[in-house]
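Asker: We have chain A already, so just place chain B on it with the hints.
Protein sequences appear in the order of chains A and B.
To convert, note that position 273 of the first sequence is 273 in full-length UniProt numbering; the numbers rise steadily by one, no gaps.
To convert, note that position 237 of the second sequence is 237 in full-length UniProt numbering; the numbers rise steadily by one, no gaps.
Just so you know, these hints were derived from the structure itself, not from any lab.
All values derive from a computational prediction rather than experimental measurement.
Treat the hints with care, as some may be off.
In this list, chains with the same sequence are indistinguishable; a pair is considered to hold if it fits within one copy or across any two.
[What the hints assert, rightly or not] Straight-line distance between alpha carbons at most 27 Å, and here's what the computed BS3-like set of lysine-lysine pairs gives: (1) Lys510 to Lys457; (2) Lys442 to Lys510; (3) Lys442 to Lys59; (4) Lys370 to Lys485.
2 protein chains.
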Amino acid sequence: MDEDLSDNRNECNMRSGSSSFCYMKGSSVFTSKETINNMEVKSDDLGLAQYKDLLPYSKSSDVTEVFLKDVFDIMLKYIFKSYDRKSKILDFHHPHQFLQSIEGFSLELTGEAESLHQILVDCSDTLKYGVKTGHPRFFNQLSSGLDIVSLAAEWITAAANTNMFTFEIAPVFVLMEGIVLQRMRQIIGWEKGDGIFSPGGTINNFYAVMLARQKILPDVKQSGMRNAPDLVMFQSKHAHYSNRRPAAVLGIGMKNCIDVKVDEVGRMLPEDLELKVLQAKVKNKVPFYVSATSGTTVLGAFDPIPEIAAICKKYNLWLHIDAAWGGGVLMSRKHRHFVDGIELADSVTWNPHKIMGIVLQCSALLVRHKGALEACNSMKANYLFQQDKHYDVSYDTGDKTMQCGRHVDVFKLWLAWRAKGDAGFEEHVDKCVELSKYLAQKIKLSPGFELAYAEPKYTNVCFWYYPPSIRNINDLKVRSEKLHKVAPAIKARMMTNGSLMVSYQPLDDKVNFFRNVISNPAVRKEDIDFLIKEIEKLGCDL
Amino acid sequence: MDEDLSDNRNECNMRSGSSSFCYMKGSSVFTSKETINNMEVKSDDLGLAQYKDLLPYSKSSDVTEVFLKDVFDIMLKYIFKSYDRKSKILDFHHPHQFLQSIEGFSLELTGEAESLHQILVDCSDTLKYGVKTGHPRFFNQLSSGLDIVSLAAEWITAAANTNMFTFEIAPVFVLMEGIVLQRMRQIIGWEKGDGIFSPGGTINNFYAVMLARQKILPDVKQSGMRNAPDLVMFQSKHAHYSNRRPAAVLGIGMKNCIDVKVDEVGRMLPEDLELKVLQAKVKNKVPFYVSATSGTTVLGAFDPIPEIAAICKKYNLWLHIDAAWGGGVLMSRKHRHFVDGIELADSVTWNPHKIMGIVLQCSALLVRHKGALEACNSMKANYLFQQDKHYDVSYDTGDKTMQCGRHVDVFKLWLAWRAKGDAGFEEHVDKCVELSKYLAQKIKLSPGFELAYAEPKYTNVCFWYYPPSIRNINDLKVRSEKLHKVAPAIKARMMTNGSLMVSYQPLDDKVNFFRNVISNPAVRKEDIDFLIKEIEKLGCDL
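Looking at chain A on its own, in the form it has when it is part of the complex:
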């Protein structure tokens, strides 16, 4: 199953540092011992060194260098493994097994200080027992792959260890954020506007509802929702759950969060939206917000934006597009038409950490209205956003967000964009869609497989696998009940085997089906072929 990826870096140069012990510089922490994941730390590079031998506790940088180089070697090995089809995606263990410790890997915090050597072992074990989300056969999540450039950028970001709230302590990152957001707005089709990177699409969808509420209730920050009109918001029944959450949090109430029907491939039905808007109005409620989805989570459907936008215009509703998953098509001349009309939106969620492959997390909210975020979120804290600083304080972006400290999420996107150019993203999106079409074709041609929905247009491919034992059951109810248990059973075997990961779920009246997603640039046709064969292999005896 596994390949030995170790290279010949075992020549060690003895070197005497200024620290209190001897160690070898530049040596690898790995031996060539062949193991499942080949990640054990074997060398004694660091002797008995403790954290106190690191900077800044020690005045010498020697141990720091050796330690970090060893960490680097562990990571490099992991990266190579991630891309290696012969390696397992995961080495599955149950929670109780981890909690008892596995092959000496204990998660316990004893309160005692461990040696740096043990810390390296911990790093290695942590990766060893994790899930290789960059593996070419990890199709489980909308985010997958392990983009080398954005990974490098995330490392640099960690080393910079700063915070996005002020230009003062993050001058480069704050300006990069402005530039990247501007570029994203231009791609959407807006000359001006606003935007922010936040910790995930859920937070961005939350911001969107806040912005809409702020527009219709400018006094809401001060006065709350107690005497507000009975606001109502809408999204398709297939929208991501984060589009409903703001109703629960913001004081609107889930009862005022209305699901709109979808068509047979999961697109919001504009006529049902208008019907529900009118139904709310006759109850003296106040419709104010619609979230349309570009790329639904399960089916990858794109709601028809122009028709929805027309309704929003007619009834003066804020139009948000949750393009967390589908936003990537904006980079593709071939597929951009999926989001035709996106420029009509008031706000857009777009997650470059999904199909654009940026390392987690990287999620943007784009807003058509300049100054909207600040109007909504500003708290004017004068210990942080002093107005008498010596630089142009309009670059202090912290007062635009709901957070105070904010992680630097822009650099990994900026750097990947520099490396790949527009064309690199375009090519990747096109390839993912093409490979998904290939999968859909394979499913149509493979006995026992069935597409759960009409041919997909994006990279979500939803399908059932029928083991031979249930193919000839005539009683549809019985067959359906049995089929419902097939995907979980195969998924359990996938994980135990470590050979493949594909997600599954039921939806509406359909029993559990697999949802395969392609967003990893490592995926090739051979992986799709493998997927079909592996599901068959794992499920044929069920």
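Answerer: Positioned in the frame of chain A, the structure of chain B alone reads:
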């Protein structure tokens, strides 16, 4: 000003890889050329390589290895620089200068793909023009330092590139989070409870108000705030602004967010809290929530928890402790008494990325009530939290949070804790407090310096510097007006010089004063001595 830190890694071994060009393996990207930051990329290691020569686009891992090694070298150099007192903290430029490009460093996104060599230059420049928050003379923020172990952990986290929502794709991290949160609760004094890591103290303070609201209004998710009672919440006037924000967001209204008076060193006055609770009650409002602060942002004050808890008990109010900054004293036997009574709280915000030195971001919410987070946040999305998975799905923590995808923030704390043990954190906190006492002493003894508040107990030291020109002004109003401009002027010079960074702000009736914070393990007495001398040097002619 600057030291050449380059080592002798310029022997390059020519190696022919399987890729289409030649490069040197293991060579440093640096020459020994002496420059301000010595960070220019000079080598041609990567020739004309593009991102397509990286994995997974290329089948060979050679370029990936060279590229990442070069990135690693850039980071290593930066880390050494960060700890080097002879290097600048920052190389200040104004926003418009950056936007025009500085010495060839352009932030522009042209849409064209750049070579990997250029990407390395970008990495180097990004660090070069940033702020070294780990520098021993960066006293500007509550978070400072550059902890090597947690930095390594953040790199590993980036390589793991996964998401906290399910055990399925983050088994190790999800379990680690449970273990770390349990340890933190034990330290607070709770046997059971709940908790979560979230993107910053602001989000955690937000969660706390949501939890309290959920308790008093169990139907709020469904019904909203429209027919809810007129909820009122309280915090000291010196509380961080994130304690007020939930009132603006959750539909409570800022008018129902009441500031409580503080004493002469910034501690909440319990008698004023009780007065304001009663004032609200007589207006038929419903007090439900108090946030007490352990370690205020500016003064580092600790509100008296037992007295506040008694009032909360009497009036049935949720007690939250915002110990984002002060929570670190829980690790110190000597200073833990600052937070005596913390176990009486219903919830606690505690940011290990502050005085515990963990790389940004690492912020925990601890809750005394088991299941509270799920009751508040659960949305039961069945595409993600399938109940028919083959493992114990109670470990899928995603339904406890307001987010969907969530960054892995626990590993850097877990790993640092393993490396340092309880004692390592304790020693660090004690040292920061001790150094701050040393600074306060120095201020008392240095002509022209004055403490703005009575002797500090934590690491916030607030003080004025009076340039000779204003020392003898008798008109207090005039003197005060002039003094107000001193800190911003000196701060501008600090930044232009790159020699020191200390924050400043006005507070209540006090004009701009410096707030010095020590949380960086690199700080020594010599840096405190430098701080005093440098402020004098930069400000004496004002």
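Asker: Would you mind marking each hint as holding or not holding in the structure?
Answerer: Verification of the hints:
For the identical chains of this complex, Lys510 and Lys457 are intra-copy neighbours only, at 20 Å inside a copy versus 63 Å across copies, given an alpha-carbon limit of 27 Å. Only within a single protomer do Lys442 and Lys510 lie at most 27 Å apart by alpha-carbon distance; the minimum there is 21 Å, versus 73 Å between protomers. Proximity of Lys442 to Lys59 under the C-alpha cut-off of 27 Å is restricted to the inter-copy arrangement: shortest distance 25 Å between copies versus 62 Å within a copy. Taking the closest pair of Cα atoms, Lys370 and Lys485 never come within 27 Å of each other, the shortest separation being 50 Å inside a single copy and 32 Å across copies.
In this structure, the one hint that does not hold is number 4.
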